[in-house]
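Residue numbers (the working numbering), protein chains in the order written: chain V, 1 to 468; chain R, 469 to 675.
A portion of the hints provided could be inaccurate.
Calculated cross-link-like contacts (lysine-lysine; reagent style DSS-like; alpha-carbon spacing at most 27 angstroms) [said to hold, decoys possible]:
#1 R:Lys625 / R:Lys490
#2 V:Lys191 / R:Lys490
#3 R:Lys538 / V:Lys199
#4 V:Lys149 / R:Lys490
Over 12 angstroms on every C-beta distance to chain R, these chain V residues come out as not near it, computed from the model [claimed, not checked]:
#5 Thr38
#6 Tyr156
#7 Cys171
#8 Asn179
#9 Met223
#10 Thr237
#11 Ala332
#12 Arg337
No wet-lab data here; the hints were simulated from the structure. Think of the CB as a built atom: it goes at the ideal place given N, C-alpha and C, for glycine as much as any other residue.
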Amino acid sequence: MTPQLLVTKRMTDHPTDSHTMERYEATGGYAEARRALTLTRDELVEEVKASGLLGRGGAAFSAGLKWSFLAPARPSYLVINADESEPGTFKDRQLLERDPHQMVEGVIITAIANEVHHAFIYIRGEYPKPARRVQRAVDEAYGKGYLGKGIFGTDYDLELTIHLGAGAYICGEETALINSLEGKRGEPRLKPPYFPAAKGLYMMPTIVNNVETVSNLPHILGMGAETYTALGESADTGTFMMSLSGHVNRPGNYELPHGISWRDLIYDVGGGMRDGKELKTWIPGGASAPWFVPDRHLDLEITKDATAGAGSMLGSGAVIVMDEDTCMVRAAERVVRFFSHESCGQCTPCREGTTWMEMILRRIDEGQGRLVDLDLLVDVSDGISIGLAWPPKMTTICPLGPSAVSPIIALRDYFRDEVQEHVENRGCPFISGGRPPDPRSPLVSSSVVEGRSASAKSSDEDRVRGDQ
Amino acid sequence: MSHWSEATQERARQIISRYPEKRSAVMPLLYLAMAEEGQLTDQGMEEVAGWCGITPAQVLAVASFYTMYKRERTGSYLISCCTSISCMLLGGDDVLHAVEDESGVPHGETDDEGLLSVEHVECIGACGGAPAVQVNYELIEGVTPEKGRELVRWLKKAKPEIVNTDEMQQLFGERRSFDWGISEDGGAIGPYPAFQPFGTVKTEAEA
Numbered sequence: 001m002t003p004q005l006l007v008t009k010r011m012t013d014h015p016t017d018s019h020t021m022e023r024y025e026a027t028g029g030y031a032e033a034r035r036a037l038t039l040t041r042d043e044l045v046e047e048v049k050a051s052g053l054l055g056r057g058g059a060a061f062s063a064g065l066k067w068s069f070l071a072p073a074r075p076s077y078l079v080i081n082a083d084e085s086e087p088g089t090f091k092d093r094q095l096l097e098r099d100p101h102q103m104v105e106g107v108i109i110t111a112i113a114n115e116v117h118h119a120f121i122y123i124r125g126e127y128p129k130p131a132r133r134v135q136r137a138v139d140e141a142y143g144k145g146y147l148g149k150g151i152f153g154t155d156y157d158l159e160l161t162i163h164l165g166a167g168a169y170i171c172g173e174e175t176a177l178i179n180s181l182e183g184k185r186g187e188p189r190l191k192p193p194y195f196p197a198a199k200g201l202y203m204m205p206t207i208v209n210n211v212e213t214v215s216n217l218p219h220i221l222g223m224g225a226e227t228y229t230a231l232g233e234s235a236d237t238g239t240f241m242m243s244l245s246g247h248v249n250r251p252g253n254y255e256l257p258h259g260i261s262w263r264d265l266i267y268d269v270g271g272g273m274r275d276g277k278e279l280k281t282w283i284p285g286g287a288s289a290p291w292f293v294p295d296r297h298l299d300l301e302i303t304k305d306a307t308a309g310a311g312s313m314l315g316s317g318a319v320i321v322m323d324e325d326t327c328m329v330r331a332a333e334r335v336v337r338f339f340s341h342e343s344c345g346q347c348t349p350c351r352e353g354t355t356w357m358e359m360i361l362r363r364i365d366e367g368q369g370r371l372v373d374l375d376l377l378v379d380v381s382d383g384i385s386i387g388l389a390w391p392p393k394m395t396t397i398c399p400l401g402p403s404a405v406s407p408i409i410a411l412r413d414y415f416r417d418e419v420q421e422h423v424e425n426r427g428c429p430f431i432s433g434g435r436p437p438d439p440r441s442p443l444v445s446s447s448v449v450e451g452r453s454a455s456a457k458s459s460d461e462d463r464v465r466g467d468q
Numbered sequence: 469m470s471h472w473s474e475a476t477q478e479r480a481r482q483i484i485s486r487y488p489e490k491r492s493a494v495m496p497l498l499y500l501a502m503a504e505e506g507q508l509t510d511q512g513m514e515e516v517a518g519w520c521g522i523t524p525a526q527v528l529a530v531a532s533f534y535t536m537y538k539r540e541r542t543g544s545y546l547i548s549c550c551t552s553i554s555c556m557l558l559g560g561d562d563v564l565h566a567v568e569d570e571s572g573v574p575h576g577e578t579d580d581e582g583l584l585s586v587e588h589v590e591c592i593g594a595c596g597g598a599p600a601v602q603v604n605y606e607l608i609e610g611v612t613p614e615k616g617r618e619l620v621r622w623l624k625k626a627k628p629e630i631v632n633t634d635e636m637q638q639l640f641g642e643r644r645s646f647d648w649g650i651s652e653d654g655g656a657i658g659p660y661p662a663f664q665p666f667g668t669v670k671t672e673a674e675a
């Protein structure tokens, strides 16, 4: 079947002006926000529940159910999570940049459904261009009376504030995001008691929804939950966006129907592997997700349940594809380094564990590994996420730490030989002569660094002796 | 008694009015402070504390948490090379090394003239066009090591007043992802995000 486009339809049909108010309204825009004002909270929540719309930020939780949990205290707040920073993910950037009004209409619908009169969009600081686009769209909406006092000529008030992050991945975690929006360090809060639906922004009931999630709402209201659920051929409803990157011929964002397989995604949608190389592994749902390998997972359906059943997740929809020439130790190091860098530091297992895992992986990669290092990595991982089960068990306030163990599970289960080869070769087998050690790395012994750069060093020493 | 220009003070008042509680304005005001002085100084943080009704220590606690608040001298052009997984797979490390080598500025440092700062960064959300580089947070996709060197030479020579993403993509980007955004003429004027409420975005017409 031809995939039906929803959230990327306007930008596909009108590639040069999909971001403008004129184009948005000419293609039916803001009709559903107007209609939402005539519906009750219960009607809206039920419609979204019936649509089966799952949150698209990573946790894949029913959006309607999330709304229904909102505590009765008021004022309530809405925060749109546009802090997209998970390695491999870049779908929200496209939605923000190329169809900002679609998201603003989604914000209005969500606000009405949750009796919110002040909403926020938290955009990551590294996305100034998308932020400028959204600001322009918000200004236009204020100008037309779609935001502000008495929207669409009713007595409903809705303020919308755009907030820029400043380079912290952890602020994509909803309670960290709320702290950040309150003008504090972006450290996650303990749940319970700080469930945003009860004690969120300024300790008031708060809905946190992802950009793609709310961008779907005008379409769900427009076509009705029944038609929406009939899209695609699997249990998951509607469409979903996937960000494809790595060693494929056609990387990019794709809006797809549920029910295709990983083989379809990589070899058909993605145009296959670059340079005709063999597929080695892929990360199915952003850097946090456990990795998949072709002989076990290639023909699995891309649905929430099928992916979870195989011990991973669709997460933020980011698929990172690696070919046969990719060093798994290096790839694992790079993913773990990310979590180590982005750990907020509150919880010891995450703060210390990710740091040590990164250093041990670097040591193996640079030819200083020991045969016991893989077991050591597994042991450290077990300290962060007990039993290395899926879904991960937590020793920490938020899931960032447990996410960092995913590459270690891949090394243990699929690439043990490759780790061993690094140790026995005393270096990376994918680079002739091995990877030169980084002198700044604290776990590489100084004698090795000196030995490697012996020629450069000896000429320096000669010069010094000559001077004497 | 504010040290800021009248225009910046007016922006600060407008930003604070967008939040139910003024403490929430700490982050945007820190950007204003950076734009006012070129970097985040103790005086800038004290100023923000005054506007938000919290102590300078509380402001420092926030500023030190986020990597985009630069408390050290930063060049007019901040070059951020992505070396996260998707960019690393397609040669992001080589681009970083080429940029470091051509500029003579290693990760996390600034040249003597205060023109260029170089850093390697974690994912900047351009994985479809990897390897990606940002200059003052404006994006270039599909950068090769050679193009990275050209970028450094261009910044040193042309010293553009406005850093525009489309112009840089045309000059230094090779393979970009097909979902590249719609072009615009505005751009960044310093090593902080170009965003209307901060007064840090400029168009060709204004230049």
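We went through each hint and held it up to the structure:
Restraint check: the Cα-Cα separation between R:Lys625 and R:Lys490 comes to about 43 angstroms, which exceeds 27 angstroms; the hinted pair is violated. A C-alpha spacing of about 26 angstroms is found between V:Lys191 and R:Lys490, which places the hinted pair at or below 27 angstroms, so the restraint holds. For a cut-off of 27 angstroms, the pair hint linking R:Lys538 to V:Lys199 is broken: about 32 angstroms separates their Cα positions. With a C-alpha separation of about 21 angstroms, the suggested pairing of V:Lys149 with R:Lys490 holds against the 27 angstroms cut-off.
Here V:Thr38 stays apart from chain R, with its beta-carbon at least about 28 angstroms from theirs, past the 12 angstroms limit. Distance check for V:Tyr156 against chain R: the nearest CB is about 18 angstroms away, which clears 12 angstroms, and the non-interface claim stands. The claim that V:Cys171 is not at the interface with chain R is violated, since a C-beta of that chain comes within 12 angstroms of its own (minimum 8 angstroms). At roughly 10 angstroms from the closest C-beta of chain R, the C-beta of V:Asn179 falls inside 12 angstroms, breaking its exclusion from the interface.
Annotated as non-interface, V:Met223 keeps its C-beta farther than 12 angstroms from every C-beta of chain R; the closest such distance is 24 angstroms. Non-interface status of V:Thr237 relative to chain R is upheld: no Cβ of that chain comes within 12 angstroms, the nearest being about 24 angstroms off. Distance check for V:Ala332 against chain R: the nearest CB is about 9 angstroms away, which does not clear 12 angstroms, and the non-interface claim fails. Consistency note on V:Arg337: stated as away from chain R, yet its beta-carbon is not over 12 angstroms from all of that chain's, at 8 angstroms minimum.
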